[in-house]
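Protein chains in written order, with the working numbering: chain A, 1 to 209; chain B, 1 to 481.
Just so you know, not all the hints are guaranteed correct.
[As the list claims (entries may be wrong)] Away from chain A, derived, C-beta distances all over 12 angstroms, residues of chain B:
{"no.": "1", "residue": "Glu76"}
{"no.": "2", "residue": "Ala197"}
{"no.": "3", "residue": "Met418"}
{"no.": "4", "residue": "Ala438"}
[What the hints assert, rightly or not] Cut-off 20 angstroms, straight-line C-alpha distance, at most; resulting in silico cross-link-like pairs (SDA-like, lysine to any residue):
{"no.": "5", "chain 1": "B", "residue 1": "Lys86", "chain 2": "A", "residue 2": "Thr191"}
{"no.": "6", "chain 1": "A", "residue 1": "Lys196", "chain 2": "B", "residue 2": "Phe283"}
{"no.": "7", "chain 1": "B", "residue 1": "Lys86", "chain 2": "A", "residue 2": "Leu195"}
{"no.": "8", "chain 1": "A", "residue 1": "Lys196", "chain 2": "B", "residue 2": "Leu175"}
{"no.": "9", "chain 1": "A", "residue 1": "Lys196", "chain 2": "B", "residue 2": "Asp139"}
{"no.": "10", "chain 1": "A", "residue 1": "Lys196", "chain 2": "B", "residue 2": "Gly140"}
{"no.": "11", "chain 1": "A", "residue 1": "Lys196", "chain 2": "B", "residue 2": "Arg141"}
{"no.": "12", "chain 1": "A", "residue 1": "Lys196", "chain 2": "A", "residue 2": "His76"}
To be clear, the hints were calculated from the coordinates, so they are not data collected in a lab. Source: prediction; values computed, not measured. Quick reminder that beta carbons are idealized off the backbone N, C-alpha and C, glycines included.
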Amino acid sequence: MILLRMAVFLVWITAVLMALVKTDRSVNVLFRFQAVGELAVAAVLALTVPYAWLWLTVVAVALIKVVIIPKILFSHDALVQQDYGVRSPFGMSGLLLVFLAVTVFALAFTRAVGIGDPVLAGTVLAALLVSLVHLSARYEVWSISRALLSLETICATGVLVVGWTLKEPADLAIDLVALFLAFTISWVASTLMRLKGSVDVRDMKELIG
Amino acid sequence: MSAAMIWVPAGLTGFALLAYILPQRLLPTVVKLAMAFLLMTLVTQWMGSWQAPDALASWFFRIIAVIATTIIWYSEPYIRREAEHKHWPSARVKAYFALLLLFVASLLAVSLWTSFLFLWVDMEFVTLSSVFLVGMEIDGRSLEAAWRFLIVTESGGLIALLGTVIAVTASGHSLAVWGFHPALRYPSEVHTHWALAGAYMILMGYGAKAGLAPFHTWLPDAHSEAPAPISALLSAIKLASAALLIYRSFEMVSSAVPAVFLHDGMIVLGLLSLVIAAGFVAFQTDLKRMWAYSSIEHIGLISLGMGFGGIALVGAMLHIWTHAAGKTLLFQNSGTIRLLYGTSDGSAGARDILARTPWTGGLLAVGAAGIVGLPPFSPFWSEWLIVAGGFSVPQYRLFTVIAVALLVVIFIGIARRMPVWLFRPGPAERNQVVGRMAEPWGLILPSLLLAVFVLAGGIGAPLVAPHLWHAVVHEAMSHSF
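One chain only, chain A, in its complex shape (with noise of 0.2 angstroms):
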């Protein structure tokens, strides 16, 4: 139980951190480590029960989120890899205390509704309030991109911490989602790139209405 409760640590903290960092080559790298953390997640559960299917999952997960898709997400523009700095309405110690906010929330709402281990359903439930306040609290498009791919592998995450349960394959499809999800972000946010000339979502003039 006490390495389940670390993997999924992981993914918790390189949530926070994605939140966090300055640059898309240091946001690439934690995504990497948070994909460690699902995978870890995984291999963790392979080891203590019975259930073959786990270890495609653990080779699914290495695969697709340690290998492809930080590759199809970094090689897709130079005008990211030059950017440095941080621009979001709250300052970064601000961000932190919301982070730690919600992490408390998540805690105790688990603890309160009572269900298996609460501290690591409280703790996926954390990493998935940080991911959401990412995707509102960072303006640069890069930053965006890996904050909703952030929220897809703690969701996956989430799904084998309560889905195993239910000894059947339930993670597989989602990795294949999750490649599909990478291309058409890297799609939408170079294509956004080329047309703007910047990575910062308010140059996107916002539509009337």
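We have chain A already, so just place chain B on it with the hints.
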């Protein structure tokens, strides 16, 4: 499980591949073959050669097949003109048709598949293929719309995934079972609180995909910036698919959760959607944006019908069809207006349409009269059933009164705006004699067919398929959560 759940989406996916691989001169042939394939699936299903999972699935499948056929029919001449006018490269035209057919294939799968996990996967393919289609113009505005569409609906989709797994687990069901009404597999693992949390995550997640307020922020941009046939498909079918998934999921989870929480959730989002539509619809100067806000209204009505249950649920099922026919007509009509006038914005020159292009103007008038719920047009009958169903349940009467008041506000808003496009000449038209424009029949004919559905489809559809309709009514009245 029927083999149709494989060969129907797979067949259309095959045509999508052909559309992308073959040279552009063969594209019209591929598109016609894809339409013939769709009609063949419709006819064979009608004749009983294969069965959909249940009556509701069968009803929804037929709606998708009919509406998608008219949209593909309209797409061919529309995109040919659009590509000529905006100098689209051949690869983009081929990509458009390939993605359109993939989009339709994944929508058909929503009606035929019965595993909640694979339905989620399929809904993701619906969303991701449509993101490319929304951004197909590859200009600033369409890409901004695609970006917002991607971020909002994918965030929702991922929450729906976690919600689905939590709800299935906590209500003691199995992820692997294909069937909407599975027996309890793990009765000892039922957890009411978690099942409810999962159900509300599903409501938020698929609610974002359905464009229900307050998760609707992507919808006006995506609908107004996408090519007209895609706006039609998004509004008519995609929104309803997501709403139907909420309904199916709630049916499954209702064995573990008090139904009142589920009903209330759908009613609250439905009413909120009507509030948003009532607040914005009257201030739109662009036709497509106005119909986008109207889509929020109608998906709100469908949500209300599902929340009220009983006869209102029957109304919601009928409304999926009547709204689909009406909104497809209106979006296709807006596309024709954009092609002919260079804009669908009343303040930028799309004025006096009835006099300058009588067929297009007439179809706009028919569609608008239908979509605001005037009798005897088809949306009137389904809205009537929803409202009557709401009034028949004492605890929902206040909500129904509020909904009717909001519908009146929306009616007044659209009725006040329509003369701007239909009758009033703009400053440019007043100062010079502007003659009638030629209207391409390739664009008018699919819309004429839809106008027949808008005129007679409300009562006509149950009369044309009485056995199916009776089965839908029976299913809605007996299986409602």
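To see whether the hints hold, each was checked on the structure:
Taking the minimum C-beta to C-beta distance to chain A, about 25 angstroms, the non-interface status of Glu76 (chain B) holds against the 12 angstroms cut. Look at Ala197 (chain B): its CB is around 7 angstroms from the nearest CB on chain A, not clear of 12 angstroms, so calling it non-interface is violated. Every beta carbon of chain A lies more than 12 angstroms from that of Met418 (chain B), the smallest distance being close to 18 angstroms; the non-interface claim holds. With a cut of 12 angstroms on Cβ distances, Ala438 (chain B) stays outside the contact zone with chain A, its closest approach being about 32 angstroms.
Between the alpha carbons of Lys86 (chain B) and Thr191 (chain A) the distance comes to roughly 18 angstroms, so the proposed pair stays at or under 20 angstroms and holds. Under the criterion of a C-alpha separation no larger than 20 angstroms, the hint pairing Lys196 (chain A) with Phe283 (chain B) is inconsistent with the structure, at around 29 angstroms. Of the pairs offered as hints, the one joining Lys86 (chain B) and Leu195 (chain A) holds, with about 17 angstroms between alpha carbons and a cut-off of 20 angstroms not exceeded. Note on Lys196 (chain A) and Leu175 (chain B): the hinted pairing is violated, with a Cα-Cα distance of about 44 angstroms set against a maximum of 20 angstroms.
A distance of roughly 10 angstroms separates the Cα atoms of Lys196 (chain A) and Asp139 (chain B); the hinted pair therefore holds under the 20 angstroms criterion. Between Lys196 (chain A) and Gly140 (chain B) the CA atoms are separated by roughly 8 angstroms; this keeps the pair inside 20 angstroms, and the hint holds. Among the hinted pairs, Lys196 (chain A) with Arg141 (chain B) is consistent with the structure: their alpha-carbon atoms are about 11 angstroms apart, no more than 20 angstroms. Pair hint Lys196 (chain A) plus His76 (chain A) holds up; C-alpha atoms about 15 angstroms apart against a cutoff of 20 angstroms.
The structure fails to meet hints 2, 6, 8 from the earlier list, while all remaining hints are met.
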